[in-house]
Amino acid sequence: MSTLLKSHRQAIEKAIIVGLVVTFIITLLLALFNQPVHDNSLQALAVADINQTGVTNIVTAVLLNYRAYDTFIEFSVFLCVAIAVLPYILEVPVVKFQLHTESQVLLIAKAFIPLTIVMAGYLLWIGSSKPGGAFQAAALLAGCLVLLSLANVRVIDFTKLGYRLLMSSGVLAFSVAILLFYLESQAFIKFPVELAGASILAIEFFATFAIALILFLCFESINKGHA
Amino acid sequence: MELTQTNLYTLCAILLLAIGLLGFLLNTDFIRKVLGLNIIGIAIFMLLLAVANTYPAAIDPIPHAMVLTGIIVAAAGTALGLNLASKIAKFSRIVQKEEVITSAESLSDKAYITSPNNTQERG
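If you read the protein sequences in the order shown, they are chains X and Y. Just so it is clear: in the first sequence, position 104 is 104 by full-length UniProt numbering, and no numbers are missing. Just so it is clear: in the second sequence, position 79 is 79 by full-length UniProt numbering, and no numbers are missing.
If we strip away everything but chain X, and leave its shape as in the complex, we get (with noise of 0.2 Å):
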């Protein structure tokens, strides 16, 4: 018996972790489909002051408005991960390439990236009213600039003070905004009605280019940073 269990060690152990996972799932299911169905009392309230918060788009009142500290919380939690993945990116010398002829891949990036950008700013505009906002706008400009790191172009040298100011404007946009409206209302992140949807683009368009750039560090510190 012993000797059964240590030859055949691993696949005992495989079979013993999918029959868990099997449970597990089954076990969830059942729970799952017997759970009372969703009410949606949450969404009647949101709905219900939406023309107090400064905008129409309802996914970007929850974000910017309603739960404004979710979101100042998890700016900063982006920032981290920026700090902590930025000595990778530092460590390694720069290298200079040259481009002698034209690649495919700065063919693309060069049709692309103008479209990609006046999209960026729409989905930035539209985010008030219609789906769209900071974080999409900013995937779509990390986009651009990944391509721009594909085909070999350097725009972006992270050890430049400015570029690590635009990577924490997102939280420092965010709070500055709080603490002049703390110090107008003595309320703890709450906009005043008439200047919410003006302070939200203003939180929004800053925060688009920080979590870019963000998003383009970590793309670069794993391409570039262990080369």
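Hints are computed from structural coordinates only; laboratory data are not their basis. Treat the hints with caution; some may be incorrect.
Claimed, not checked - 25 Å max Cα-Cα, derived DSS-like pairs, lysine-lysine: (1) X:Lys190 to X:Lys130; (2) Y:Lys33 to X:Lys224; (3) Y:Lys87 to X:Lys6.
Said to hold, decoys possible - Some, not all, of what chain X presents toward chain Y, calculated at C-beta under 7 Å: (4) Ile17; (5) Leu29; (6) Leu32; (7) His38; (8) Asn40; (9) Gln43; (10) Val59; (11) Val62; (12) Val81; (13) Val85; (14) Tyr88; (15) Ser221.
Said to hold, decoys possible - Quick look at which bits of chain Y chain X covers, simulated, 3 or more residues with Cβ under 8 Å: (16) 30-39; (17) 92-105.
We put the beta carbon where it would ideally sit given N, CA and C, even for glycine.
Dock chain Y against the given chain X, drawing on the hints supplied.
Same frame as chain X, now just chain Y:
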């Protein structure tokens, strides 16, 4: 149980969760573990979106906002994990090289074998 859109999405999410969980637990490779974790994350996002779609006429925005922030945090966590993994790989390569050098030195001290071919085979 009728097959509405919500139920279909919930079933797919649970299937994805099973795939991710098995990939996470059965593989010993670090990168596959990270991929498994990502798939688990996507399954949970899908579950949240399915719940938000219970009443298609009045879609709940709170799960949507949670997923939107969650995607970014998942991407950042993956980047951090991959960075640490490649750092570990780099470090272990250095350690292996040092071990080869020290074992070669001890071998030449004892004057067993001095040919460099033999040490390369050991490394």
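Next on the checklist: So, against the hints stated earlier in the document, which numbers end up violated here?
Outcome noted: 3, 16, 17
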